[in-house]
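Number of protein chains: 4
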Amino acid sequence: MSIRIIITGGTFDKHYDEIRGSLTFKDSHLPEILKFLRCSVPIELELNQLIDSLDMHTANRLRILESCRRAAEERIVITHGTDTMVETAAVLGGAQLAKTVVMTGAMVPYIFNNSDAVFNLGCAIMAVQVLPRGVYVAMNGRVFGWDLVRKNKELGVFEQK
Amino acid sequence: MSIRIIITGGTFDKHYDEIRGSLTFKDSHLPEILKFLRCSVPIELELNQLIDSLDMHTANRLRILESCRRAAEERIVITHGTDTMVETAAVLGGAQLAKTVVMTGAMVPYIFNNSDAVFNLGCAIMAVQVLPRGVYVAMNGRVFGWDLVRKNKELGVFEQK
Amino acid sequence: MSIRIIITGGTFDKHYDEIRGSLTFKDSHLPEILKFLRCSVPIELELNQLIDSLDMHTANRLRILESCRRAAEERIVITHGTDTMVETAAVLGGAQLAKTVVMTGAMVPYIFNNSDAVFNLGCAIMAVQVLPRGVYVAMNGRVFGWDLVRKNKELGVFEQK
Amino acid sequence: MSIRIIITGGTFDKHYDEIRGSLTFKDSHLPEILKFLRCSVPIELELNQLIDSLDMHTANRLRILESCRRAAEERIVITHGTDTMVETAAVLGGAQLAKTVVMTGAMVPYIFNNSDAVFNLGCAIMAVQVLPRGVYVAMNGRVFGWDLVRKNKELGVFEQK
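Protein chains in written order, with our numbering: chain A, 1 to 161; chain B, 1 to 161; chain C, 1 to 161; chain D, 1 to 161.
Here chain A stands alone, though its shape is the one from the complex (with noise of 0.2 Å):
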């Protein structure tokens, strides 16, 4: 059994460009971090898109959503912004998909040492694997039906709607 993991970037996969001093897009942090999780379970990585998710529009959760359709693997997370991440959810949830889609993404950019990646990662690889056909969001050491779910968007948690 493997599972495809498709990068869209959002706060996870965030890098600090020094010369101008802000957060931006470079290239996908998933290669590296794969190396040291040391998780025996195949994984294939595809860099889709790498964006804020304050910035996407139908198109780019229709190309998340095409990708799924695509891929071999019938159980698939994807690293997503946390500010539409319901959104997409919702999208990926109505075509009906017969294959265990797990959603997560970070609080805190992965390149911070004090952030949630890793663990928001390993939340939804174990969650890929043992939930049924589906749709989920994984944030917060819990795992949320698609339906189910909304960002709490004060106190920066996900909580069942």
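Source of the hints: derived by calculation from the structure; they are not laboratory data.
One thing to keep in mind: the hints can contain errors.
Some chain D residues judged to face chain C by a derived CB distance under 10 Å, without partners named [said to hold, decoys possible]:
1) ILE43
2) MET107
3) VAL108
4) SER115
Ideal Cβ placement from N, Cα and C applies to all residues, glycine included.
Following the hints, position chains B, C and D against chain A.
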């Protein structure tokens, strides 16, 4: 729903003693780790022991079993050395606890910047919420029933028996 | 012999605000950093301000000068934003303090795992002990007299004027 | 002006062997460290040996001396185990090299997230540029002449003899 994390030491919590130049135990890192996980599931931490699992005797394992029995929580994660994790899992599995117990650990101590500790914790915290009653081992991104797993000591990975 | 570290903010001490998804100021990281440096020179920390040096006005720089004058110590390190570090150095240099003052900062915030902050601090703490009275800038592994240095903003490095 | 860094191992470059659960040597971390230091002084790295300084014999120390003699650079930093750093410094000091040589190391390996390694490197790289010809030890934020320093093994710090 809350989770109890029973800390027993192992490579996960090794500490570097710079006077002796060796790895030893001092305190657990779990309190510090919990701060950046942003886990919204209530977690109770229990410092049960801090021991290398190669140094465990039956009494050490029975102490863990006793803690599992006594716990108010029905979902328990145990951090444990990897070398004899399967032995302790057998003691717990044989006790037929009416709880979900997931054991995890680390091949590389948390204090190293390329550790698998936090990833494994994510896997375990997710597994303990979605799996039914039973005793499991969550390592290398996978979860195994307690009686179906062994540690491959040459490769340093956990695999199906 | 003791050293005063006057903290003024800059990229060195930027903090990630996960609700807004931006870099801001909160507390200084110097107290935490000092714990693992194992520096046996007595160090006095002074939190002077926490500001991006692009936002500094003359009043901000004069406040730093006043702190240098008032300091009991004759050896002072100042952590400062890199963008206008040379401007503040000129204010201090022109005051002809009978002290050794070394300014430093970081191109990448300390909180990032690939930061130059600690390396620069090492350079500055060494420079302030061995250099004669005067005002200096220690960046990129080098030390410059205050009137002989500029920041190359395209390359993001400090160089001889 | 360029600097040669002669790598000899020591705690600085210890590597965690997860199969044996012990600290050993594999490669030096200096190439990776140089990437984020943003040091604009040209640096030549020389992998001389990777050894715990407690295991050094005269031959090991003479090999370092030979490298110092042969070096085209007049400014040399040596990363070395702290336990017998002073012994090697004496061998180099007695040779009366017409160069500036600064020895440094780490009490905690670079691979640990609370290591003093990078701070010490900053101190050494600054010291080697500003000090006159001679052999020095840079540890704990201070610099000592080779014949005026010892390691306090109870406290794990370097101090004036």
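Hints, verified against the model:
Below 10 Å, beta-carbon pairs count as interface contacts, and ILE43(D) has one with chain C at about 8 Å; its hint therefore holds. A distance limit of 10 Å between C-beta atoms decides the matter here; for MET107(D) the minimum to chain C is near 6 Å, and the interface restraint holds. Contact between VAL108(D) and chain C, as hinted, is supported at the beta carbon level, the nearest pair being about 7 Å apart and thus within 10 Å. Because the smallest distance between the Cβ of SER115(D) and any Cβ of chain C comes to about 7 Å, under 10 Å, the interface hint for this residue holds.
Checked against the numbered hints above, the structure breaks none of them.
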